[in-house]
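If you're matching them up, the sequences are chains A and B in order.
When the letters of the first sequence are read in order and numbered with the numbering used here, they come out as residues 1 to 362.
When the letters of the second sequence are read in order and numbered with the numbering used here, they come out as residues 1 to 548.
Just so you know, the hints here were simulated from the structure itself, not pulled from any lab data.
From a predicted model like this one, the values you see are computed outputs, not experimental measurements.
Among the hints, erroneous ones may be present.
What the hints assert, rightly or not - Cut-off 27 Å, straight-line C-alpha distance, at most; resulting in silico cross-link-like pairs (DSSO-like, lysine-lysine):
| no. | chain 1 | residue 1 | chain 2 | residue 2 |
| --- | --- | --- | --- | --- |
| 1 | A | LYS65 | B | LYS328 |
| 2 | B | LYS449 | B | LYS25 |
| 3 | A | LYS254 | B | LYS328 |
| 4 | A | LYS94 | A | LYS354 |
| 5 | A | LYS60 | A | LYS296 |
| 6 | A | LYS60 | B | LYS25 |
| 7 | A | LYS354 | A | LYS344 |
| 8 | A | LYS51 | A | LYS296 |
| 9 | B | LYS25 | B | LYS369 |
Stated by the list, open to error - Chain B is faced by these chain A residues, among others (derived, beta-carbon under 7 Å):
| no. | residue |
| --- | --- |
| 10 | THR159 |
| 11 | LEU219 |
| 12 | PRO223 |
| 13 | THR235 |
| 14 | ALA351 |
Claimed, not checked - Take a look, some chain A residues computed to stay more than 12 Å from chain B by CB distance:
| no. | residue |
| --- | --- |
| 15 | GLU126 |
| 16 | SER127 |
| 17 | LEU263 |
| 18 | PHE264 |
| 19 | GLY312 |
| 20 | THR340 |
Note that CB positions come from ideal geometry on N, CA and C, so glycine has one too.
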Amino acid sequence: MTMMKTWLTGLSATALLVLSACSDESAQSNESKADSQSQETQVVAKSQDKKEIVVYTSRKEHLVKPFFEQFTAETGIEINYITDSEAALISRLKAEGERTPADVFMTVDAGNLWLATEEGVLQPIESQALEAVIPDSLQDPDNHWYGLTVRARTMVYSTERVNPEDLSTYEALGDEQWNGRLCLRTSKKVYNQSLVAMMIARYGEEKTQQIVESWVANLATDPFSNDTKVMNAITAGVCDVGIVNTYYFGRLQKETPDLPLALFWPDQSEEGYGVHVNVSGAGITRHSDNKQNALKLIEWLANEQAQQMFAGLNMEYPANQNVEPTEEVAAWGEFRADRTNLSKAGELQPAAVKLMDRAGYR
Amino acid sequence: MTDNTDQQHSQNASSKGWRFGVLKKVDGFLLWAILLICLLPLLPLLFSWFDLEPELWQHLWNTQIPQLLSNTFWLVLLVGTGSFLIGVSLAWLIVMHEFPGRSILQWGLMLPLAIPPYILAFTLLGFTDYEGPLQYALESVGLGIAWLPDTRNVFGVALIFTLSLYPYVYLLMRSALQRKGRTSYESARTLGYSRAKAFWRLVIPLTRPAWIAGLGLVLMETLADFGAVAIFNFDTFTTAIYKSWYGFFSASTAAQLACILLLFVALSVLVEKWGRGQSRYEQTGIALKEYRQPLTGLWGVLVQIFAWGVFALGFVLPVIQLLVWAIKTYERHTDGTLVLLSHTMILAIVAALITLMVAAIMVWAKRNKESTGRNLAIEFSQLGYSLPGTVLAVGIMMALNWIDGGIASLFGVKGQWLASGLFALILAYIIRFLRIGYGPVASSMSQIKPSVVEAAASLGANQKERFWRVYIPLLRPGVFTALLLIFVEVMKELPATLMLRPFGWDTLAVRIYELTSEGEWEVAALPAVLLVAVGILPVIYLIRKSEV
Chain A
1 MTMMKTWLTG LSATALLVLS ACSDESAQSN ESKADSQSQE TQVVAKSQDK KEIVVYTSRK
61 EHLVKPFFEQ FTAETGIEIN YITDSEAALI SRLKAEGERT PADVFMTVDA GNLWLATEEG
121 VLQPIESQAL EAVIPDSLQD PDNHWYGLTV RARTMVYSTE RVNPEDLSTY EALGDEQWNG
181 RLCLRTSKKV YNQSLVAMMI ARYGEEKTQQ IVESWVANLA TDPFSNDTKV MNAITAGVCD
241 VGIVNTYYFG RLQKETPDLP LALFWPDQSE EGYGVHVNVS GAGITRHSDN KQNALKLIEW
301 LANEQAQQMF AGLNMEYPAN QNVEPTEEVA AWGEFRADRT NLSKAGELQP AAVKLMDRAG
361 YR
Chain B
1 MTDNTDQQHS QNASSKGWRF GVLKKVDGFL LWAILLICLL PLLPLLFSWF DLEPELWQHL
61 WNTQIPQLLS NTFWLVLLVG TGSFLIGVSL AWLIVMHEFP GRSILQWGLM LPLAIPPYIL
121 AFTLLGFTDY EGPLQYALES VGLGIAWLPD TRNVFGVALI FTLSLYPYVY LLMRSALQRK
181 GRTSYESART LGYSRAKAFW RLVIPLTRPA WIAGLGLVLM ETLADFGAVA IFNFDTFTTA
241 IYKSWYGFFS ASTAAQLACI LLLFVALSVL VEKWGRGQSR YEQTGIALKE YRQPLTGLWG
301 VLVQIFAWGV FALGFVLPVI QLLVWAIKTY ERHTDGTLVL LSHTMILAIV AALITLMVAA
361 IMVWAKRNKE STGRNLAIEF SQLGYSLPGT VLAVGIMMAL NWIDGGIASL FGVKGQWLAS
421 GLFALILAYI IRFLRIGYGP VASSMSQIKP SVVEAAASLG ANQKERFWRV YIPLLRPGVF
481 TALLLIFVEV MKELPATLML RPFGWDTLAV RIYELTSEGE WEVAALPAVL LVAVGILPVI
541 YLIRKSEV
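Required output: the full structure, derived from the provided sequences and hints.
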């Protein structure tokens with residue numbers, strides 16, 4: 001037994017060695033990075049402003065890495081980042097409190113940005129550059145966050161079986177004529193939660209619940225786990241119309257150019273509220289110790305050149321009102337967007353989720 | 001019993017007596033320390049009860065919970081029955097029968113373990129879904145979409161879990177049968193029992209610890225899963241946890257629901273232990289030289305079709321589908337995939353070694369002294385496996401941050417001491433997979449009967465010799481099984497890795513998550529194939545090593 005103990009100790013020592021060797025290695029590579037960098041930027045480093053910022057983001061690596069690299073190349077400011085789900089990152093920021101290494105929080109959906117603000121992990125930003133280019137409806141009223149890209153959650157229909165003149169508003173998808181012809185994504189996705197939250201902001205809970213119930217009654221099949229599956233189901237003929245984010249349509253269109261589907265912009269009549277849009281956006285963490293560079297990143301992402309790339313990569317619309325969308329995105333046609341401030345989407349999200357639960361929308 | 005031999009020995013070699021005395025005290029201390037660390041992530045969960053939101057509970061109760069409980073009940077029932085039937089019957093087939101291709105199936109039937117449920121889920125769904133390969137195949141023979149099987153229901157989800165998790169039952173059952181099932185079955189047959197009677201009345205009760213342990217792993221993983229059920233949009237109890245957190249922004253309600261899940265698992269474990277009571281089946285004698293009965297006739301053919309069918313559905317077809325997608329999309333992966341692979345492997349190896357050590361300390365403490373306290377400590381140390389991964393990860397993150405905060409306020413140094421870095425991540429792996437490491441080592445240890453050690457001692461073997469020449473060779477199969485199972489599990493692990501990894505420590509699972517959560521399932525196939533490929537090697541090795 002004594003020997004077993006010795007043996008175990010030996011084994012644990014070995015493992016710890018391996019472990020510490022690994023972390024040493026990564027520490028060293030960080031150091032060497034820092035070394036080469038500090039030679040260029042020694043002056044700045046001394047002015048107690050680190051030349052490195054930390055970003056927590058729920059945007060996936062392949063959608064942000066190119067910009068971070070570009071930003072570093074242009075400004076010399078290194079970016080370290082962690083990707084995870086929104087809720088996890090917000091919990092992490094809360095738990096870390098003032099010890100957090102994070103300077104910037106970046107995520108999709110206004111609901112998540114609202115929650116981060118509500119949980120007190122962001123700080124207000126003062127930036128004329130951002131105020132000048134980002135429309136009011138796409139930013140926090142108290143400037144805790146700014147939208148950087150815009151996506152529309154709109155309708156998609158089968159060009160083979162639907163006459164677009166039959167389509168009009170989100171609400172009208174509950175009409176008799178769409179019985180058994182509607183496909184939806186799960187209500188567990190935040191995009192649908194925001195859509196319904198914004199409907200509550202317009203119509204109130206009672207009417208919104210009636211609308212959602214009428215959608216559920218029209219469903220051709222159980223809700224799908226993502227937007228692409230909704231479109232595939234329409235292509236296959238299971239249903240004729242659905243609600244999706246524009247860039248999912250764009251991706252599918254790129255893969256299958258002869259897709260028998262098209263986008264429709266609802267609620268465009270004069271008294272209509274416009275198409276439901278949402279953003280991906282960013283804010284500066286409350287306990288950032290590198291506020292200046294954090295702001296530099298967000299302003300850089302909102303500048304005209306970055307906006308074109310940033311929105312283009314994921315086939316989204318630029319949030320900067322002076323920048324035109326890319327050609328392929330512009331080809332879907334122009335639309336009027338809902339101008340209600342997006343922070344409503346967060347505020348009313350719990351109510352929206354409850355409402356969808358009650359309406360039996362899974 | 002070991003105590004006696006060791007005491008006798010320490011009397012003989014008085015120079016070692018004091019050391020033994022100290023160690024005897026230390027083993028208990030270590031055990032409690034392990035328990036404390038393993039319960040650390042549960043603390044934030046318990047504290048959540050101070051923040052109760054009755055209105056939200058009311059809502060969940062009215063609209064969600066009854067449906068979720070019924071879904072979860074049926075899922076557990078189907079997966080449990082399916083894994084038991086497939087795992088036990090295949091183990092029986094492999095151990096007791098001879099047929100062409102047996103030596104391939106022997107390890108082939110373990111391979112589905114290398115495919116995480118979420119990968120199997122998106123592969124199966126991608127195959128059977130609208131605009132998928134199956135639809136095109138049906139159309140080419142003139143059949144419409146009405147012929148597509150609907151897999152987005154409890155049967156589809158249960159099929160996924162059964163296919164990817166039955167290997168736990170198969171693995172444990174196979175070695176149990178090799179050790180004791182065969183001998184008792186053959187004796188019973190000689191004594192005139194019918195085949196069925198000998199199997200159900202003797203073999204199944206005798207091997208109960210093995211298949212119960214296997215089923216336990218299967219069901220806990222099913223209960224804790226979120227990835228596969230989300231792909232099917234199938235709501236289980238875990239869904240309520242995530243909905244409370246992501247949808248209602250109520251982390252405390254999510255934690256409370258997780259507590260209930262945990263309580264349920266803990267109670268089930270206790271009920272099982274209590275049900276088993278004190279009855280023990282000890283192995284008598286050594287396994288007979290293997291004789292395997294040849295499979296013949298129509299029945300034999302059907303049985304073989306069944307076995308190959310499970311292998312094909314659980315492994316071959318999903319891998320082919322993944323390969324097809326991987327080839328189609330491989331240009332979309334520019335760089336860094338090999339770096340992800342190396343991270344995955346380093347983490348898996350380190351975590352497996354350390355977890356094994358912790359498990360060995362627990363086994364050793366139990367061997368030294370059996371007591372209710374120790375047994376409970378051991379049981380509760382392993383609860384981490386039954387928590388949904390994200391909940392466990394948040395618990396660990398919060399607990400470590402409390403400690404960091406404590407350090408900061410005590411010493412006035414602000415920093416991330418524990419909560420960020422490899423330490424937190426490895427700790428999470430240990431807490432999550434201790435159950436997987438403990439089981440095989442404990443079962444190997446229980447095979448070493450005190451009389452064997454006594455015999456060695458009476459033949460004059462000292463402690464060192466007894467350790468190297470009795471314990472080590474007899475523990476080896478269990479140790480290998482534990483190491484490789486943890487290795488494979490850590491490779492597949494997602495939520496804790498996602499939340500606790502240091503900058504730049506992305507793994508294959510993280511990449512797969514990023515792609516699938518954007519709906520890019522086909523692009524995710526390449527990292528998925530790599531993950532499966534790396535997982536296969538240890539699985540094959542594992543089976544080879546455990547040959548009798």
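Hints, verified against the model:
For the suggested pair LYS65 of chain A and LYS328 of chain B, the alpha carbons sit about 23 Å apart, so the restraint of at most 27 Å is met. Simply put, LYS449 of chain B and LYS25 of chain B have alpha-carbon atoms about 23 Å apart, close enough for the 27 Å limit, and the pair holds. Annotation: proposed proximity of LYS254 of chain A to LYS328 of chain B holds, straight-line Cα distance about 15 Å (limit 27 Å). Pair hint LYS94 of chain A plus LYS354 of chain A holds up; C-alpha atoms about 25 Å apart against a cutoff of 27 Å.
For the proposed pair LYS60 of chain A and LYS296 of chain A, the alpha carbon gap of about 21 Å is at most 27 Å, so the pair holds. The suggested pairing of LYS60 of chain A with LYS25 of chain B is violated, with an alpha-carbon distance near 50 Å, which exceeds 27 Å. At most 27 Å may separate the alpha-carbon atoms for a hinted pair to count; LYS354 of chain A and LYS344 of chain A meet this at roughly 16 Å. Between LYS51 of chain A and LYS296 of chain A the CA atoms are separated by roughly 12 Å; this keeps the pair inside 27 Å, and the hint holds.
About 11 Å separates the Cα atoms of LYS25 of chain B and LYS369 of chain B, which keeps this hinted pair within 27 Å; it holds. Taking 7 Å as the C-beta cut-off, the interface hint given for THR159 of chain A is violated, the closest approach to chain B being about 16 Å. Checking LEU219 of chain A against chain B: minimum C-beta separation of about 12 Å lies over 7 Å; hint violated. A hinted interface residue such as PRO223 of chain A counts as satisfied when its beta carbon comes closer than 7 Å to some beta carbon of chain B; here the least separation is about 6 Å, so the hint holds.
Checking THR235 of chain A against chain B by beta carbon gives a least distance of about 6 Å; that is within 7 Å, so the hint holds. Interface restraint check: ALA351 of chain A against chain B, minimum CB-CB distance 10 Å, threshold 7 Å, status violated. Every CB of chain B is more than 12 Å from the CB of GLU126 of chain A (nearest about 25 Å), matching its label as outside the interface. The Cβ of SER127 of chain A lies farther than 12 Å from every Cβ of chain B, with a closest approach of about 27 Å, so its non-interface assignment holds.
At roughly 17 Å, the least C-beta separation between LEU263 of chain A and chain B is larger than 12 Å, which holds for a residue marked as non-interface. Look at PHE264 of chain A: its CB is around 21 Å from the nearest CB on chain B, clear of 12 Å, so calling it non-interface holds up. Look at GLY312 of chain A: its CB is around 16 Å from the nearest CB on chain B, clear of 12 Å, so calling it non-interface holds up. For THR340 of chain A, the condition that its CB be more than 12 Å from all CB atoms of chain B holds, with the nearest at approximately 20 Å.
The structure shown violates the earlier hints numbered 6, 10, 11 and 14.
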